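Each chain is listed here by its residues.
2 protein chains.
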Amino acid sequence: MTHNRRFTLVRRPQGTPVAEDFALVSEPLPDLAEGEVLVRNAYASLDPAIRGWLDDAPSYLPPVRLGDPVRATTIGRAVRSRDPAIAEGQWMLGLNAIEEYSVARPGGFTAPVDASAAPSVTNFLSVFGAVGMTAYFGLIEVGRPQAGETVLVSGAAGAVGSLVGQIAKRLGCRTVGIAGGPDKCRRLIEDYGYDAAIDYRGRSVEALAAEIGKAAPDGVDVIFENVGGDILDAGLLHINRFARIALCGLIAEYNSVTGPVGARNLWQLIVKTARIEGLLVSNYIPRFPEGAAAMGKWLAEGGLRVDEHIDEGIENALPAFLRLFEGSNEGKMILKLD
Amino acid sequence: MTHNRRFTLVRRPQGTPVAEDFALVSEPLPDLAEGEVLVRNAYASLDPAIRGWLDDAPSYLPPVRLGDPVRATTIGRAVRSRDPAIAEGQWMLGLNAIEEYSVARPGGFTAPVDASAAPSVTNFLSVFGAVGMTAYFGLIEVGRPQAGETVLVSGAAGAVGSLVGQIAKRLGCRTVGIAGGPDKCRRLIEDYGYDAAIDYRGRSVEALAAEIGKAAPDGVDVIFENVGGDILDAGLLHINRFARIALCGLIAEYNSVTGPVGARNLWQLIVKTARIEGLLVSNYIPRFPEGAAAMGKWLAEGGLRVDEHIDEGIENALPAFLRLFEGSNEGKMILKLD
Chain A
3 MTHNRRFTLV
13 RRPQGTPVAE
23 DFALVSEPLP
33 DLAEGEVLVR
43 NAYASLDPAI
53 RGWLDDAPSY
63 LPPVRLGDPV
73 RATTIGRAVR
83 SRDPAIAEGQ
93 WMLGLNAIEE
103 YSVARPGGFT
113 APVDASAAPS
123 VTNFLSVFGA
133 VGMTAYFGLI
143 EVGRPQAGET
153 VLVSGAAGAV
163 GSLVGQIAKR
173 LGCRTVGIAG
183 GPDKCRRLIE
193 DYGYDAAIDY
203 RGRSVEALAA
213 EIGKAAPDGV
223 DVIFENVGGD
233 ILDAGLLHIN
243 RFARIALCGL
253 IAEYNSVTGP
263 VGARNLWQLI
273 VKTARIEGLL
283 VSNYIPRFPE
293 GAAAMGKWLA
303 EGGLRVDEHI
313 DEGIENALPA
323 FLRLFEGSNE
333 GKMILKLD
Chain B
3 MTHNRRFTLV
13 RRPQGTPVAE
23 DFALVSEPLP
33 DLAEGEVLVR
43 NAYASLDPAI
53 RGWLDDAPSY
63 LPPVRLGDPV
73 RATTIGRAVR
83 SRDPAIAEGQ
93 WMLGLNAIEE
103 YSVARPGGFT
113 APVDASAAPS
123 VTNFLSVFGA
133 VGMTAYFGLI
143 EVGRPQAGET
153 VLVSGAAGAV
163 GSLVGQIAKR
173 LGCRTVGIAG
183 GPDKCRRLIE
193 DYGYDAAIDY
203 RGRSVEALAA
213 EIGKAAPDGV
223 DVIFENVGGD
233 ILDAGLLHIN
243 RFARIALCGL
253 IAEYNSVTGP
263 VGARNLWQLI
273 VKTARIEGLL
283 VSNYIPRFPE
293 GAAAMGKWLA
303 EGGLRVDEHI
313 DEGIENALPA
323 FLRLFEGSNE
333 GKMILKLD
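So the protein lines, in turn, are chains A and B. If you're matching positions, the first sequence starts at 3 in the working numbering and goes up one per residue. If you're matching positions, the second sequence starts at 3 in the working numbering and goes up one per residue.
Do not take every clue at face value.
Unchecked claim - Cβ-to-Cβ under 8 Å is the rule here; a few derived chain B residues that face chain A:
id: 1; residue: 61
id: 2; residue: 93
id: 3; residue: 97
id: 4; residue: 252
id: 5; residue: 259
id: 6; residue: 261
id: 7; residue: 266
id: 8; residue: 280
Worth flagging that the hints you see were computed from the coordinates, not collected in a lab. Just so you know, these numbers come straight off a predicted model, no measurement behind them. Idealized CB from N, CA, C, for every residue including glycine.
Looking at chain A on its own, in the form it has when it is part of the complex:
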């Protein structure tokens, strides 16, 4: 324990990130200042949002600087502490980076967690982490579904989407999921309880819209949008009056080199007096205990299936991250670092 391997950004990706955009470097462990804690990261959360942080564009967080490790939420144990409130061995969750060790600073984004509260510490990166809170608050506060309404979810087999579908079902909604390929569509129905599943692959906007029309005969009241592009355009064609579209992600265009597509069928918002509203889970941080309690209750009752896809080794950071865009992960994408 003298060196820290870190997955650093050395060049800003153009389109899909490639190996040459990153370096795996080994640096001496830093000395701790008063109040700091050294955390041995056990797991890093790999999320589509990371792609945005690699661009040199204004956003809700500053871009990752060239030479810095790639920002990610991690969970790990304190191995040295100069904070009297944190004992060695304490589990710590925070917005750190893909690296073996992170330094938790007072006032920063790292905080202790009670690992015994969850079946697995990785759950703090999935159902009790940003993913679970995004699904919960995004659906409830932005989507605002009512019992009997129809909720359409894109990226429905993904970490967020699979939870959104299950929460919407619990709230008494009809759930329609969109995913890529027959295996994922089977999982939508069998694992996540969706009422209908639509495979977007090989389908035009018109063909997708026709499928949505069949799966949502009463129209769509809430869209939980993770993907964007053709999928959002098709969904817009079936929204009901006063529909709410919670815009969580636009993964279809994060690696685009031709520029953003956005939403072409925007006129539908006018004729249906509907809205698209962006969603950042960070707006709900003060309410995370409420969200975690709800998810914990449903998990304990056996009414919530949480899938995690764990790849191992910091040297696999890039291929593990790229699974999110290939769609080859089955559940919340996590990288084991220890």
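Given the structure of chain A, go ahead and fit chain B onto it with the hints provided.
This is chain B only, laid out in the frame that chain A set:
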């Protein structure tokens, strides 16, 4: 008074409407059924929304049928009445058509108005009509501006936009208007009290965004969007956190033959947790008295400038309508029919 000249739709326009899409026909006046009223239309309201009604596409109103007169709001006087509550000579306002005579049916969209309540009966097609109510409720209920915030208006010299800017100013907001050409930009400042005016002509999205950045140094909290396309994309680049975009119209794409553009910079909604919400004035019909009272008060106080652009003659219906898309009207576009 035996015949009714009507401006009818004979072919659905492809892109910008042309003369061959319409016919001016003369038909015998209909006999009235019990309860019906024959109205001699004095003025018709020409609105961008009419373009949408000419397409064979699902919308909030059924498409105008081929052979039918083009739907429009009109105001005129009862010339024959089989409704005991309506005397001959009574002014009647309603969703009728571009035609010399309309039949007001019980339970339809035509109702008597007290012409003495307004400086001019044409005001019922502008400041006290859909245009004024769209500006009032769209800004207040969808845009929800707070004093001190910045409101960006596109189509700012238009019938709706010119009112939106004046209402926002009254509410204590900084107002930035976008319009086409130096004359309109001068009118934005001199006639409608905008704090800043931006000429969109000849400017790319990037150049427009740079101008918006200069005119709105604290960012944009509310966009009242009448135009769409490049103008909306540029505005999105300067929205503040929790911004509200009231989507009133997309006039830039109503005549598009290449398909809709929509909003390409949709990612801004996520990073700013902002929303785009469609607006139809018909949702606020029960509150029209409130809106009309507010506008009437401001008008009486001399604090509201209302411009109307009145072309004459049903034979000029098409060129008068096309002014809306050329931008050659100065104020609410109205066609005098009597």
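Taking the hints in turn, this is what the structure says about them:
1. Because the beta carbon of residue 61 of chain B sits about 5 Å from the nearest beta carbon in chain A, less than 8 Å, this interface hint is met.
2. Evaluation of the residue 93 of chain B hint against chain A yields a violated restraint, the C-beta minimum of about 30 Å exceeding 8 Å.
3. Because the closest C-beta pair between residue 97 of chain B and chain A is about 16 Å apart, greater than 8 Å, the hint is violated.
4. The restraint placing residue 252 of chain B at the interface with chain A holds, with a minimum CB-CB distance near 6 Å, inside the 8 Å limit.
5. With its C-beta approaching chain A no nearer than about 14 Å, residue 259 of chain B sits outside the 8 Å limit, and its interface hint is violated.
6. With its C-beta approaching chain A no nearer than about 7 Å, residue 261 of chain B sits inside the 8 Å limit, and its interface hint holds.
7. Hint on residue 266 of chain B holds. Least Cβ distance to chain A is approximately 4 Å, under the 8 Å limit.
8. Checking residue 280 of chain B against chain A: minimum C-beta separation of about 4 Å stays under 8 Å; hint holds.
Figure legend: structure checked against the earlier numbered hints; hints not met, in rising order: 2, 3 and 5.
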